[in-house]
Structure formats: C-alpha cells, structure tokens
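*Asks:* Residue-level listing of the chains:
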Amino acid sequence: AQKVTQAQTEISVVEKEDVTLDCVYETRDTTYYLFWYKQPPSGELVFLIRRNSFDEQNEISGRYSWNFQKSTSSFNFTITASQVVDSAVYFCALSEAGRDDKIIFGKGTRLHILP
Amino acid sequence: DGGITQSPKYLFRKEGQNVTLSCEQNLNHDAMYWYRQDPGQGLRLIYYSQIVNDFQKGDIAEGYSVSREKKESFPLTVTSAQKNPTAFYLCASSITAGSSRYNSPLHFGNGTRLTVT
Chain L
5 AQKVTQAQTE ISVVEKEDVT LDCVYETRDT TYYLFWYKQP PSGELVFLIR
55 RNSFDEQNEI SGRYSWNFQK STSSFNFTIT ASQVVDSAVY FCALSEAGRD
105 DKIIFGKGTR LHILP
Chain U
12 DGGITQSPKY LFRKEGQNVT LSCEQNLNHD AMYWYRQDPG QGLRLIYYSQ
62 IVNDFQKGDI AEGYSVSREK KESFPLTVTS AQKNPTAFYL CASSITAGSS
112 RYNSPLHFGN GTRLTVT
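Listed in order, the protein sequences are those of chains L and U. Each residue of the first sequence is one higher than the one before, starting from 5 at the first, in my numbering. Each residue of the second sequence is one higher than the one before, starting from 12 at the first, in my numbering.
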C-alpha cells in the first residue's frame with residue numbers, strides 16, 4: 005500500500021542546532037516521486053524539493069539537505085544551523101507514476117526553533 | 012505576481028448551511044486540487060480536476076461538491092451532508108495534467124479556515 009510516515013510529530017531545538025526530519029515511505033511502484041513541503045504559520049504550503057525514484061543523489065541547498073535511501077525507503081531532511089524562521093510544519097509526500105493522481109502526504113512534523 | 016488566491020481566509024457558518032470556498036489561480040495551470048487539513052492528520056484529497064468541466068473524487072469527497080467551469084477557478088462547496096466540516100481547506104494547482112502530473116510540484120493557496128457551529 006502507498007503510505008508516508010513521519011514519525012516525529014513535533015520537534016523543538018535551540019537555534020543554530022542541526023535537526024533532521026524523518027520520512028519513511030511505502031510503495032509497490034518502481035517509478036515514484038518524493039516531495040518535501042514547508043507550511044509556515046501563514047498556512048500556505050511551499051514546495052522545497054522533488055526527487056524521483058531513479059535519482060538517489062543527495063541534495064544540498066544552502067542550509068537544507070536531503071538524504072534519499074531506497075534501501076531503507078527513507079527521504080530525510082536535515083536543516084543545518086537552524087534559524088527561528090525555519091519554524092514550521094514540514095510535510096513529506098509521495099506520488100506514484102501510474103496511479104490516478106494520488107499524492108499521499110505524511111502527517112507532518114511541527115518544528116519549533118527556539119531563540 | 013502569479014499565484015493562487017483563496018477567499019475568505021476565515022469563514023463561520025451555522026450547522027446545516029452550505030458554504031462555498033473560492034479558489035482562483037492565474038498561473039495557467041491545468042490541474043487543480045482541494046485538500047482538507049485537520050490537526051495531526053496531514054492533507055487529505057477531497058476533489059481534483061485536470062481539465063475544464065471535468066473533476067474526480069479524492070479520498071474524502073462525501074459531503075463536498077466542486078465545479079470547474081473555467082480554467083482559473085475551482086470552487087468547493089461544503090454541503091450540510093458533510094458531518095464534520097470544521098477544518099482548514101487548501102487549494103492547490105500544478106502545471107501539468109496527464110501523465111506528467113505525478114512529478115509536478117503543487118502550488119498552494121493560503122487556505123480557508125472554516126468553522127461550523
């Protein structure tokens with residue numbers, strides 16, 4: 005079955021600490037796409053990154069990095085030197101090619117960065 | 012600037028009344044979606060539309076209805092049949108429909124918080 009699990013419901017760290025948000029997915033398809041979105045207090049979800057199932061290269065964008073491991077079905081997100089502006093809810097999502105528009109979201113991880 | 016506009020931001024209704032949430036986009040996107048967000052529940056798909064005058068049910072369509080008469084607009088009606096309508100509703104769009112839709116990121120509006128008492 006298609007599923008996305010974000011086991012961490014809520015995380016609090018002190019500013020400048022590194023923090024990793026976990027995402028574990030389940031799929032039977034060989035072609036799929038994984039996404040991360042950020043939802044700040046304003047409510048609008050903002051797209052952060054997309055990865056397809058054939059590209060296991062890790063990605064770094066400034067203080068953000070993503071670790072995709074097919075062997076463990078994980079797509080974890082790390083924020084380095086966290087800042088208060090990183091406080092938000094972060095969602096991991098899965099889309100399977102061939103499915104009818106099923107974009108499955110995890111339940112989200114609420115991240116608090118304490119000053 | 013291009014984007015998705017949802018209105019109103021907050022909406023209050025009495026139980027038994029239908030209410031329509033507005034969603035307009037000027038991104039020229041083909042596909043549009045409605046999601047419902049409840050605390051600790053992630054996002055659940057209500058309806059989606061890939062083309063004008065066509066739409067499909069998502070996972071929790073019961074008690075909701077939509078229309079897609081124009082490419083830019085995808086209003087959602089929460090009917091009195093929806094048993095637990097109080098929630099945060101998010102509209103989204105993506106650039107492509109068809110087979111490329113699986114890898115297209117979604118663009119979201121700011122949401123409408125509906126409270127029914």
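Treat the hints as calculated values from the structure; they're not laboratory data. Please note that the accuracy of each hint is not assured.
[Stated by the list, open to error] Capping the alpha-carbon separation at 27 Å, the derived lysine-lysine pairs in DSS-like fashion look like this:
hint, chain 1, residue 1, chain 2, residue 2
1, L, K111, L, K20
2, L, K111, U, K68
3, U, K81, L, K111
4, L, K42, U, K68
5, U, K20, L, K42
6, L, K7, U, K20
[Stated by the list, open to error] One-sided excerpt, in silico: chain U residues whose CB lies under 8 Å from chain L:
hint, residue
7, P19
8, Y21
9, L54
10, I62
11, V63
12, T97
13, N114
14, N121
C-beta: ideal position from N, C-alpha, C; glycine also.
*Asks:* Give a verdict on every hint.
*Replies:* Hints, verified against the model:
{"no.": "1", "hint": "K111(L) with K20(L)", "in the structure": "holds, 26 Å"}
{"no.": "2", "hint": "K111(L) with K68(U)", "in the structure": "holds, 21 Å"}
{"no.": "3", "hint": "K81(U) with K111(L)", "in the structure": "violated, 32 Å"}
{"no.": "4", "hint": "K42(L) with K68(U)", "in the structure": "holds, 26 Å"}
{"no.": "5", "hint": "K20(U) with K42(L)", "in the structure": "holds, 19 Å"}
{"no.": "6", "hint": "K7(L) with K20(U)", "in the structure": "violated, 30 Å"}
{"no.": "7", "hint": "P19", "in the structure": "violated, 13 Å"}
{"no.": "8", "hint": "Y21", "in the structure": "violated, 11 Å"}
{"no.": "9", "hint": "L54", "in the structure": "holds, 4 Å"}
{"no.": "10", "hint": "I62", "in the structure": "violated, 12 Å"}
{"no.": "11", "hint": "V63", "in the structure": "violated, 16 Å"}
{"no.": "12", "hint": "T97", "in the structure": "violated, 15 Å"}
{"no.": "13", "hint": "N114", "in the structure": "holds, 5 Å"}
{"no.": "14", "hint": "N121", "in the structure": "holds, 5 Å"}
Hints 3, 6, 7, 8, 10, 11, 12 from the earlier list are contradicted by this structure; the remaining hints agree with it.
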